[in-house]
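Here the protein sequences line up with chains U and Y, keeping their order. Numbering of the first sequence is given in my numbering, commencing with residue 184 and proceeding in unit increments. Numbering of the second sequence is given in my numbering, commencing with residue 184 and proceeding in unit increments.
No wet-lab data here; the hints were simulated from the structure. Treat the hints with care, since some could be wrong.
Just so you know, same-sequence chains aren't split out, so a pair can sit in one copy or run between any two.
[As the list claims (entries may be wrong)] Below 35 Å or equal to it, Euclidean Cα-Cα: the simulated DSBU-like pairs (lysine-lysine) are:
id	residue 1	residue 2
1	Lys272	Lys254
2	Lys471	Lys459
3	Lys232	Lys202
4	Lys298	Lys269
For clarity, every value in this text was computed on a predicted model and none was experimentally measured.
There are 2 protein chains.
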Amino acid sequence: MKVLVTGGAGFIGTHLVRKLLERDIEVVCVDNFTLGKSANVEIFKANPKYKFYELNIEDTETFCQTLAAEKIDMVYHLAANSDIQKGGKNPSIDLNNTFMTTYSVLELMRRQDIKKLFFSSTSAIYGDRQELLTENLGGLKPISYYGSAKYASEGFISSYTHMNDLATVIFRFPNVIGPNLTHGVIYDFVNKLKENPRELTILGDGTQTKPYLYVLDLVDAILTFTLDRPMATGLEIYNVGVESATNVTTIANIICEELGLHDVKYNYTGGNIGWKGDVPRFQYDLSKIHQAGWTAAHTSDESVRETARNIKEQL
Amino acid sequence: MKVLVTGGAGFIGTHLVRKLLERDIEVVCVDNFTLGKSANVEIFKANPKYKFYELNIEDTETFCQTLAAEKIDMVYHLAANSDIQKGGKNPSIDLNNTFMTTYSVLELMRRQDIKKLFFSSTSAIYGDRQELLTENLGGLKPISYYGSAKYASEGFISSYTHMNDLATVIFRFPNVIGPNLTHGVIYDFVNKLKENPRELTILGDGTQTKPYLYVLDLVDAILTFTLDRPMATGLEIYNVGVESATNVTTIANIICEELGLHDVKYNYTGGNIGWKGDVPRFQYDLSKIHQAGWTAAHTSDESVRETARNIKEQL
Chain U
184 MKVLVTGGAG FIGTHLVRKL LERDIEVVCV DNFTLGKSAN VEIFKANPKY KFYELNIEDT
244 ETFCQTLAAE KIDMVYHLAA NSDIQKGGKN PSIDLNNTFM TTYSVLELMR RQDIKKLFFS
304 STSAIYGDRQ ELLTENLGGL KPISYYGSAK YASEGFISSY THMNDLATVI FRFPNVIGPN
364 LTHGVIYDFV NKLKENPREL TILGDGTQTK PYLYVLDLVD AILTFTLDRP MATGLEIYNV
424 GVESATNVTT IANIICEELG LHDVKYNYTG GNIGWKGDVP RFQYDLSKIH QAGWTAAHTS
484 DESVRETARN IKEQL
Chain Y
184 MKVLVTGGAG FIGTHLVRKL LERDIEVVCV DNFTLGKSAN VEIFKANPKY KFYELNIEDT
244 ETFCQTLAAE KIDMVYHLAA NSDIQKGGKN PSIDLNNTFM TTYSVLELMR RQDIKKLFFS
304 STSAIYGDRQ ELLTENLGGL KPISYYGSAK YASEGFISSY THMNDLATVI FRFPNVIGPN
364 LTHGVIYDFV NKLKENPREL TILGDGTQTK PYLYVLDLVD AILTFTLDRP MATGLEIYNV
424 GVESATNVTT IANIICEELG LHDVKYNYTG GNIGWKGDVP RFQYDLSKIH QAGWTAAHTS
484 DESVRETARN IKEQL
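Extracted from the complex, chain U is given alone in its bound form (with noise of 0.2 Å):
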């Protein structure tokens, strides 16, 4: 079996890359390191069933072209923006590297006639929510660029799912952690602390609290519903992520924990969202996955404790 991840060398698709090797599978991996390191594709490039295409995959034409001569079975799309708060400022950012990489993606299936296909979508999709977030919720309006380009893919993947009679599977990701983490809070707020171990600014008021999901218990779902099990023809959608959620205030205290840290005076910007289109707490709904026999090893506090530890073994 040969598969291709697209965003091989990102922070998940690295970790995908190395659990997918381990079972001897075959893996084609397509990166343009916005956010994807070369280090994280050097580790790989002894091992003869890897192969790496360095490729803007928004380029639709290029891509097809240079995966045409390879026999794909899978595709895992990984590959888009993840910087939220970046492609803020600039909506062609999610445009090219969260939509239209979809759409590269899709139409390689469609002219090579691949028919197996996982992709990573967002709990952003869901917009700024009070209620939990069951997968069938209807009136969704993303806020953010980021959500509605993960939005806007779901609804391309949908049909190229019927019209190609794929098998396809969407997970709806939370905030993911863990090792190799390229940005996001907790990156930031141990890279703050290395600079000035005193002082910490923390956007908005620190009560903002979403679930974090260690990344290997992600892969290991992401496995468990595309190789464990057979995929069935048709588009089946879960979120994946932990019951148990971690304030910005609790992510700073564990991290100053980990660091050895002590009285470490925390600045609060105010407000109650970090940057416009943040969205700033939801919960998911999550029945679904549970039911259908999975369950993340860590809590959310614990995925937190274990990503500090990580990035500090790091510095």
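Please build the complex by placing chain Y on the supplied structure of chain U, with the hints as guidance.
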């Protein structure tokens, strides 16, 4: 007041432009004549309040640069591929003509600080569903590339509305018919019967049933919710249509009556859908738009009959 109408040389756009000019509103019209017709533009050219640009809207930079000097107050975004069946053979048609035109319009609005938007969405975003279609129905899975391009457009409109404080009204159109129709079942039937008035080939089994809205009723609704009433900041979505619906065999019967044809032999191709990606039947929940004080003047059957008469006059 100056408004931009995209797709203003098209079937619905032409009717909207005429009504706007009748209200003494300045109209800037953009079309690339893919489905729009130059004859539709000619009739307005003598009007000093009318200005026309022939442009591919999906070319975002050219579109934004060309319109930068116009002081536009509001956009009616109608430009799209409206031929679902044609798009089914080549997904790039709906990517470019239906989705990317929306992205370009949103970028123009963001860059030029235009705050009011009307968008023509569609029943196709709901996918193939048995239940009554309410605006907040969840778990939407569009099955045609057209449906997903409109779904994707709605997603981007949602985030642009939030990020840029727009006042946006989205109507989800059903099948819209009336004078100047460019394609679709009525258009096809009249043209087939002109060729051969003894026999008529009908795709499917004739039971596909859809609500048909008369174009002048639709334009009345658009003007009601965008001009007669103030538009509030935020995103408001309405199903627009008629409670009644007409099946394909009834359409054939009405057309034959209006053309004065008797004993026409109907040849059904069989099956319950016309083509892959077609939604054979749907029914809107129209309570939201009705409670807001608008109802269509024509029933679905009346719209079909009125349209058959219009086309007959043009023969």
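35 Å Cα threshold - placement of Lys254 relative to Lys272
between (39 Å within a copy, 24 Å between copies)
- Message: With identical chains, the pair Lys298 and Lys269 could be close in the same copy or across copies; at 35 Å between alpha carbons, which is it: within, between, both, or neither?
- Response: Both, since 33 Å and 23 Å are each at most 35 Å.
My question is about Lys232 and Lys202: at a cut-off of 35 Å on alpha-carbon distance, are they close within one copy, between copies, both, or neither?
within (13 Å within a copy, 64 Å between copies)
Item to check | Within, between, both or neither: Lys471, Lys459 at alpha-carbon 35 Å | outcome: Both: 31 Å inside a copy, 30 Å across copies.
Violated hints are absent here; each numbered hint is respected by the structure.
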